[in-house]
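Novice: Here's the letter readout for the chains.
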Amino acid sequence: MLKGLIGKKIGMTQIFDEQGVAQPVTIIEAGPCFVTQVRTPEKDGYAAIQLGFGEVHPKRLTAGELGHLNARGLAPMKFLREFRSKETANVGDKVTVEAFSVGERVDVVGTSKGKGFAGGVKRYHFAGGKKTHGQSDRHRAPGSRSSGTTPGRVYKGSRGAGHMGTDRVTVQALKVVMIDPERNLIGVKGAVPGGKGGLVLIKEARKQ
Amino acid sequence: MADIIKALEAKKNENIPAIRSGDSVSVHVKIKEGNRERIQEFKGTVIRARKGGNDESITVRRVASNGIGVERTFLLRSPRIDKIVVERHGEVRRAQLYFMRERTGKSARLKQKFDK
Numbered sequence: 005m006l007k008g009l010i011g012k013k014i015g016m017t018q019i020f021d022e023q024g025v026a027q028p029v030t031i032i033e034a035g036p037c038f039v040t041q042v043r044t045p046e047k048d049g050y051a052a053i054q055l056g057f058g059e060v061h062p063k064r065l066t067a068g069e070l071g072h073l074n075a076r077g078l079a080p081m082k083f084l085r086e087f088r089s090k091e092t093a094n095v096g097d098k099v100t101v102e103a104f105s106v107g108e109r110v111d112v113v114g115t116s117k118g119k120g121f122a123g124g125v126k127r128y129h130f131a132g133g134k135k136t137h138g139q140s141d142r143h144r145a146p147g148s149r150s151s152g153t154t155p156g157r158v159y160k161g162s163r164g165a166g167h168m169g170t171d172r173v174t175v176q177a178l179k180v181v182m183i184d185p186e187r188n189l190i191g192v193k194g195a196v197p198g199g200k201g202g203l204v205l206i207k208e209a210r211k212q
Numbered sequence: 059m060a061d062i063i064k065a066l067e068a069k070k071n072e073n074i075p076a077i078r079s080g081d082s083v084s085v086h087v088k089i090k091e092g093n094r095e096r097i098q099e100f101k102g103t104v105i106r107a108r109k110g111g112n113d114e115s116i117t118v119r120r121v122a123s124n125g126i127g128v129e130r131t132f133l134l135r136s137p138r139i140d141k142i143v144v145e146r147h148g149e150v151r152r153a154q155l156y157f158m159r160e161r162t163g164k165s166a167r168l169k170q171k172f173d174k
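Heads up: the sequence lines are chains A and B, in that order. Residues are numbered in the numbering used here as their position in the first sequence, beginning at 1, plus a constant of 4. Residues are numbered in the numbering used here as their position in the second sequence, beginning at 1, plus a constant of 58.
Errors might be hidden in some of the hints.
Output of the computed footprint for chain B on chain A, the stretches with three or more beta carbons under 8 Å from beta carbons of chain B [unchecked claim]:
{"id": "1", "region": "24-37"}
{"id": "2", "region": "182-191"}
List of simulated lysine-lysine pairs, PhoX-like, C-alpha gap at most 25 Å [stated by the list, open to error]:
{"id": "3", "chain 1": "A", "residue 1": "Lys-117", "chain 2": "A", "residue 2": "Lys-12"}
{"id": "4", "chain 1": "A", "residue 1": "Lys-193", "chain 2": "A", "residue 2": "Lys-12"}
{"id": "5", "chain 1": "A", "residue 1": "Lys-98", "chain 2": "A", "residue 2": "Lys-7"}
{"id": "6", "chain 1": "A", "residue 1": "Lys-193", "chain 2": "B", "residue 2": "Lys-90"}
{"id": "7", "chain 1": "B", "residue 1": "Lys-109", "chain 2": "B", "residue 2": "Lys-88"}
{"id": "8", "chain 1": "A", "residue 1": "Lys-179", "chain 2": "B", "residue 2": "Lys-69"}
{"id": "9", "chain 1": "B", "residue 1": "Lys-109", "chain 2": "A", "residue 2": "Lys-193"}
{"id": "10", "chain 1": "A", "residue 1": "Lys-193", "chain 2": "B", "residue 2": "Lys-69"}
{"id": "11", "chain 1": "B", "residue 1": "Lys-109", "chain 2": "B", "residue 2": "Lys-70"}
{"id": "12", "chain 1": "B", "residue 1": "Lys-64", "chain 2": "A", "residue 2": "Lys-193"}
{"id": "13", "chain 1": "B", "residue 1": "Lys-70", "chain 2": "A", "residue 2": "Lys-193"}
{"id": "14", "chain 1": "B", "residue 1": "Lys-171", "chain 2": "B", "residue 2": "Lys-109"}
{"id": "15", "chain 1": "B", "residue 1": "Lys-64", "chain 2": "A", "residue 2": "Lys-200"}
{"id": "16", "chain 1": "B", "residue 1": "Lys-109", "chain 2": "A", "residue 2": "Lys-200"}
{"id": "17", "chain 1": "B", "residue 1": "Lys-64", "chain 2": "A", "residue 2": "Lys-12"}
{"id": "18", "chain 1": "B", "residue 1": "Lys-69", "chain 2": "A", "residue 2": "Lys-200"}
{"id": "19", "chain 1": "A", "residue 1": "Lys-179", "chain 2": "A", "residue 2": "Lys-193"}
{"id": "20", "chain 1": "A", "residue 1": "Lys-7", "chain 2": "A", "residue 2": "Lys-193"}
{"id": "21", "chain 1": "A", "residue 1": "Lys-12", "chain 2": "A", "residue 2": "Lys-135"}
{"id": "22", "chain 1": "A", "residue 1": "Lys-179", "chain 2": "B", "residue 2": "Lys-109"}
{"id": "23", "chain 1": "A", "residue 1": "Lys-117", "chain 2": "A", "residue 2": "Lys-200"}
Hints are computed from structural coordinates only; laboratory data are not their basis. None of the values given here were measured: they were computed from a predicted structure. Ideal placement from N, C-alpha and C gives every residue a C-beta, glycine not left out.
Modelling step: build the complete structure from the supplied sequences, incorporating the hints.
Specialist: And the structure:
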């Protein structure tokens, strides 16, 4: 069966394991997801499974989205995401947190919190200027951006201030520490990108 | 969403009474040695008590042999804690008793406070 789920980050807490050690755990409300489309190499050039998640009023979807789901006899779903997978699946198949088991490793994809226009110190961990010795306005300055007359310009891709956050971020090989099929909850050890309520994707770990 | 997390958190240990800074306590900790499980006591003064449901904790300070101070922080919802006994209350005027770290001998005592 496909090992992939779409979920919502609930928040973090600490849970005690059998040894009584407190573990930092992120709780994700994931699934139930439904297979909405199967991509095949013959037809689409690649193998993937599209999953849908989240109840939504039909009025909230565009005609295209609604038609895509109606044609397959599926209920309206808020989020559709593809998971690259060569597994066989049929449209309408249900995927729940039971696809994963405790102790397994998973990759979690989320959208990081937005930081706005951030300076080099926050964005790239630049050291900034000296804190003392007569400094004024140089505390969080980036320093030199490039060399002098040669090359006479700033190389493209140089690090500097700019927009930070709201990026797609994957955290690899998080351990699954709890599963609650009744409430569709899955708990992974460690932090997950994004704020509470953010959309996250859970996949089988690439590096086991 | 907060309710979902609350439901997952550890239950309150009924063998732990209300604890305040300055209390002299005896913490009974379960220790696993191979297959055997025994209970170890840790006696000392509470120099810090943090509330906060699932994350509540206390820090207990004890002066071991040779006047070496030992501090241990216990998570009150941990399954490792068997029970906690409050032996006496100390009269203190602040919540964090970090000044106890500089005190030794007679000055490291707290005046007893009796329940009204």
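Novice: When the hints from earlier in the document are held up against this structure, which numbers fail?
Specialist: Per hint list: 21 and 22 violated.
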